[in-house]
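Number of protein chains: 2
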Amino acid sequence: MSKYSVKFLPNDISVDVEEGTTIAEASHQADVFISNLCGGEGVCGKCRIQISRGRAEAEEHAKGLFSQDEIMKGYVLACQTEVHDNLEVIIPPESRVDESQILTGAAEGEPLLANDNPIVRKIYLELPPPTPEDNAPDVERISRVLTKETGSRFVDFPLDCLQHLSDRLRENEWKITVTLSRDRNNYRILQIDPLNTAGSNYGVAVDVGTTTVVTQLVDINSRKVIGVKGTHNNQASYGEDVISRMIFACGKGGMDPMQKAVVKNINQLIGKLAKDNNISVEEINSIVAAGNTTMSHFLLGLTPCSIRLDPYVPTARNFPQIRAEQIGIHINPRGRLETLPGVASYVGGDIIAGVLASGIAEHEEVRGLIDIGTNGEIAIGNRDWLVCCSASAGPAFEGGGTRCGMRARTGAIEKIEISGSGLKYETIGNAKPIGICGSGLIACIYELVKNEVIGPDGKFHRTRKDDRVAIEDNIPQYIIAHANETETGADVVITETDIDNLIKSKGAVFAAIKSLLDYIDLGFDQIETFYVAGGFGNFLDVPKSIAIGLLPDLPHEKIQFIGNSSLTGARMCLLSEKAFENCTNIASSMTNIELSTYQPFTDDYIAALFLPHTDRKLFPSVEY
Amino acid sequence: MSKYSVKFLPNDISVDVEEGTTIAEASHQADVFISNLCGGEGVCGKCRIQISRGRAEAEEHAKGLFSQDEIMKGYVLACQTEVHDNLEVIIPPESRVDESQILTGAAEGEPLLANDNPIVRKIYLELPPPTPEDNAPDVERISRVLTKETGSRFVDFPLDCLQHLSDRLRENEWKITVTLSRDRNNYRILQIDPLNTAGSNYGVAVDVGTTTVVTQLVDINSRKVIGVKGTHNNQASYGEDVISRMIFACGKGGMDPMQKAVVKNINQLIGKLAKDNNISVEEINSIVAAGNTTMSHFLLGLTPCSIRLDPYVPTARNFPQIRAEQIGIHINPRGRLETLPGVASYVGGDIIAGVLASGIAEHEEVRGLIDIGTNGEIAIGNRDWLVCCSASAGPAFEGGGTRCGMRARTGAIEKIEISGSGLKYETIGNAKPIGICGSGLIACIYELVKNEVIGPDGKFHRTRKDDRVAIEDNIPQYIIAHANETETGADVVITETDIDNLIKSKGAVFAAIKSLLDYIDLGFDQIETFYVAGGFGNFLDVPKSIAIGLLPDLPHEKIQFIGNSSLTGARMCLLSEKAFENCTNIASSMTNIELSTYQPFTDDYIAALFLPHTDRKLFPSVEY
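Order-wise, the sequence lines are chains A and B.
Per my numbering, the first sequence runs over residues 1 to 624.
Per my numbering, the second sequence runs over residues 1 to 624.
Hints listed in this document are in silico derivations from the structure and should not be mistaken for laboratory results.
Keep in mind that the hints are not guaranteed to be accurate.
Which residues of chain A face chain B? A few of them, derived with a C-beta cut under 7 Å, are [to be verified]: (1) Phe157; (2) Ser166; (3) Pro314; (4) Pro395.
Since this is a predicted model, take the numbers as computed values, not measurements.
We treat Cβ as the ideally placed atom computed from N, Cα and C, and that holds for glycine.
Take these sequences, add in the hints, and give me the full structure.
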């Protein structure tokens with residue numbers, strides 16, 4: 001089979017791959033990272049790249065995701081485009097996730113830290129047979145080696161590994177492979193195989209998101225991600241957001257279907273990953289899952305009912321390591337599942353994973369992490385201290401609570417520009433508009449203020465004449481797409497009420513950031529970097545997000561998107577006992593500020609209900 | 001119901017008990033110990049006592065165990081005799097087991113050591129409900145208390161205890177009972193019950209002997225033994241001794257029935273104990289089992305095949321704590337089974353339990369433990385060091401390998417005296433003789449040497465005329481009971497070959513003791529006390545055992561019978577984490593001398609093939 005070279009720009013990293021490899025796979029091999037939400041299914045359109053040299057053609061079905069101009073310029077989806085030529089590839093800014101350390105960190109390719117190990121590893125042993133001078137029990141011949149390997153006096157041998165050990169050792173001339181897992185301070189033998197099977201050891205990292213579930217299959221030995229798959233969380237049929245799902249789960253018989261829904265997601269994704277990579281699910285010995293506190297409770301089947309009730313108490317924030325089979329996940333029946341610890345009811349393992357992945361807790365400089373969804377979660381700190389908080393932002397940025405809001409999918413208006421010559425919009429997939437997604441809403445508000453359609457209080461200038469402004473039920477609204485242009489045959493509009501909701505959402509997020517900084521007595525300029533995590537993060541237009549007062553007014557290079565850092569953190573823990581230990585330390589040392597009972601937050605929140613803010617000094621760069 | 005007082009002599013301890021209580025039960029309540037092998041079934045005849053004041057009558061069926069003279073003198077079985085009067089009871093020397101510290105030790109009644117706890121305990125908690133100021137997760141409200149209780153940072157919460165914890169706490173106003181077990185350095189929650197169930201917590205100590213299985217039911221809270229039951233080991237149908245059972249187990253499909261046989265024993269005994277004490281087996285949360293290394297392997301289902309093959313390697317000498325249910329034992333399904341650690345293939349957990357129970361490892365003075373069975377196991381040491389060894393004694397003392405040998409049961413000749421006026425013998429149950437048990441054989445050899453029927457080499461004086469000496473197949477034999485007196489209608493005899501086998505057995509035991517002492521460069525007189533453990537021990541006549549060279553020639557008060565110290569040690573571990581820790585330390589610090597490869601043993605053995613010994617200086621008190 002022929003090999004071709006693929007060079008990635010602006011990274012300037014080249015890799016030789018076999019013909020037929022996708023560009024996405026080539027990027028994995030090169031340790032270059034391209035944005036990706038759907039796990040390579042070709043539907044999210046986030047891995048757009050430009051072929052600048054060599055011949056490669058977009059798959060027919062992917063062409064709908066690009067404008068004619070873009071197709072002419074060589075835009076394709078990395079996940080859908082195979083290599084059949086030497087290529088030079090430009091990763092455009094919107095597809096880059098390579099600026100942060102996290103995605104090129106030690107997790108892949110780089111040498112291990114001294115004495116670091118994956119949470120489940122396999123060790124091939126050739127033991128010296130017993131002699132009259134050394135007739136220690138079979139178990140101790142193994143323990144001696146493992147004690148050296150682990151530095152721990154205690155290695156648990158489960159009964160079933162002992163029962164036939166004597167025969168197994170003697171039949172195989174004292175050659176065995178031990179599968180060893182670490183659980184807190186204990187080492188536990190999962191399995192003892194005859195001869196050398198150490199070459200086969202796989203793990204799965206899972207981001208259990210409220211909206212999506214994403215899995216990565218990792219070859220533990222080579223420390224490479226060999227597959228990634230994502231899907232929508234099946235629990236959505238019981239409720240769109242965590243609160244409605246909690247209400248469902250806490251009704252009679254509600255927990256069981258809620259748990260089974262997400263377990264089914266995970267089993268399907270793992271099944272596909274295993275099939276695609278030609279391995280058996282039994283070769284997967286470890287899973288690390290990261291999710292918010294409610295998702296983690298659902299996954300493990302823990303009643304989450306008190307999470308949503310004052311004073312917001314979860315069952316646990318540290319979760320036991322279990323056999324994955326105990327909750328119905330199909331991997332090796334002895335394989336382990338670790339669920340990353342969280343801090344509180346609304347700052348979960350996904351945020352801890354993000355803090356781990358972004359390296360915030362490792363450096364002297366103070367850095368922050370923002371994850372914007374229905375809740376805005378913020379963590380700030382350095383290697384000496386960490387604080388966090390969570391603010392209920394409401395679903396406005398995710399398409400809820402606004403008249404024509406929708407999630408980011410085909411037909412969603414994601415870009416809007418208003419100028420003297422009129423209004424231009426772009427939809428995902430260049431389809432007829434259906435509604436407006438989060439990035440569209442941000443752009444819309446920005447343009448409306450800039451063009452003085454609405455004031456900094458979010459209210460329409462009633463005296464101003466604009467063809468696109470209409471009044472319905474006494475509430476002014478702005479028509480973005482007229483009925484004759486839309487898929488639905490109805491106007492796509494943004495109403496004054498929508499804008500009010502959006503201002504409340506962005507106000508909550510910004511006030512949370514500000515309150516947290518005030519709490520630790522730091523100014524925005526003392527933050528080295530703000531990492532923006534989560535799927536939503538990758539869609540944000542930084543200048544416009546600053547202009548409406550969602551993100552603080554910092555030099556743009558200080559705001560970095562780090563993609564799915566929940567998944568990255570989970571993968572790091574799969575590959576490193578120390579990373580998992582760090583997670584536990586991060587979670588236990590982080591101070592959570594409960595904003596609902598923190599008076600300055602209320603003041604900050606009210607002050608933030610303005611575009612960009614009542615205190616313009618906080619947004620010096622914003623020009624309107 | 002009336003109460004009566006029972007006074008035990010020579011202890012001079014009185015107790016008030018309810019009418020109808022057996023004297024054996026009264027002795028438990030008084031912390032006075034009476035010998036007992038069969039667990040109170042009235043068959044072993046070992047709990048003989050004499051009623052010196054008050055009226056009490058032996059059960060009709062027990063009368064056969066006493067001579068007419070004894071019945072006249074008020075001899076009864078303690079286990080079969082109820083209290084219906086104020087009594088004074090003399091415990092005759094043969095029924096005493098109260099001289100050693102072990103059976104009146106801390107295990108029963110005495111206050112606990114500071115910070116000591118049973119291996120499974122129940123803790124009733126009334127937790128403060130969460131407040132906005134203290135909204136730690138549910139698990140942490142519990143952990144905080146348990147961390148204080150255990151002094152350990154880590155308490156394992158199994159998943160199923162977490163799943164409904166939130167509801168359970170709130171439904172029961174934060175009142176719960178936690179069942180907590182200790183496993184090495186970890187504390188594990190077994191169960192969380194609503195409200196206060198701490199009053200019900202039972203444990204079972206098991207001595208898994210090759211011949212008998214004995215169980216004690218212990219009320220963990222009051223630290224009292226509330227029942228004891230024993231039975232013959234069902235495994236006997238697959239082989240009388242450990243070697244033949246190993247051969248059976250290592251044949252195709254042999255392990256499973258071997259394990260199930262002893263598990264069935266244990267289940268039956270526990271079932272009876274629970275029924276008699278009106279508790280459910282589900283209230284039993286812990287079992288501690290002690291047995292020799294092979295018995296421990298059988299119990300846990302570990303292949304024992306390499307134990308009997310040079311270089312004698314067991315699968316394990318430390319065994320994992322497991323759920324008892326894993327091996328089919330019916331107690332609380334979450335209840336734990338701990339199997340006491342051993343030292344080597346032929347020095348098992350039963351000996352470690354004995355060392356623990358006898359307190360050898362606690363004092364400055366050097367003491368020894370001897371357990372005589374098919375193997376003679378010897379442990380010697382003090383709080384600074386411990387050595388042990390095992391010698392294959394053969395089955396002669398247990399009735400095997402001798403023409404008319406039998407186990408100690410009805411019809412066995414157990415006492416023999418030869419004098420000028422002829423030969424007198426006594427049988428167990430005063431029945432017609434069937435054969436000779438171990439104590440009878442020892443007495444027989446002693447009398448034959450003393451009366452110069454045989455020489456110190458064990459050979460018959462061919463020139464001497466004796467009516468009872470006959471020659472069969474060229475081998476001289478001595479007739480103890482003539483055919484017309486016996487149950488079988490055949491002579492009960494001891495042959496020169498029998499005597500040879502017995503000399504080999506006693507020679508092996510004595511040589512083992514001597515080799516071990518020489519190894520540590522100590523003389524017999526430097527041993528403070530020799531404890532003689534095991535069922536057989538209680539039958540030994542000390543002066544005669546010394547006279548034939550089985551036991552070393554020490555002042556008789558230095559030789560103490562401690563009964564079933566395997567069971568006592570197991571019970572101590574049930575009631576004390578520290579005792580279990582001590583067991584582990586004893587097992588790991590004890591040096592095992594492998595006699596089969598230790599040249600001085602061979603020399604000692606050959607020197608010991610004489611009555612009492614080739615070196616008469618070792619037996620200054622022996623007069624023939």
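Any hints this thing doesn't respect? Which numbers, in order?
-> 4
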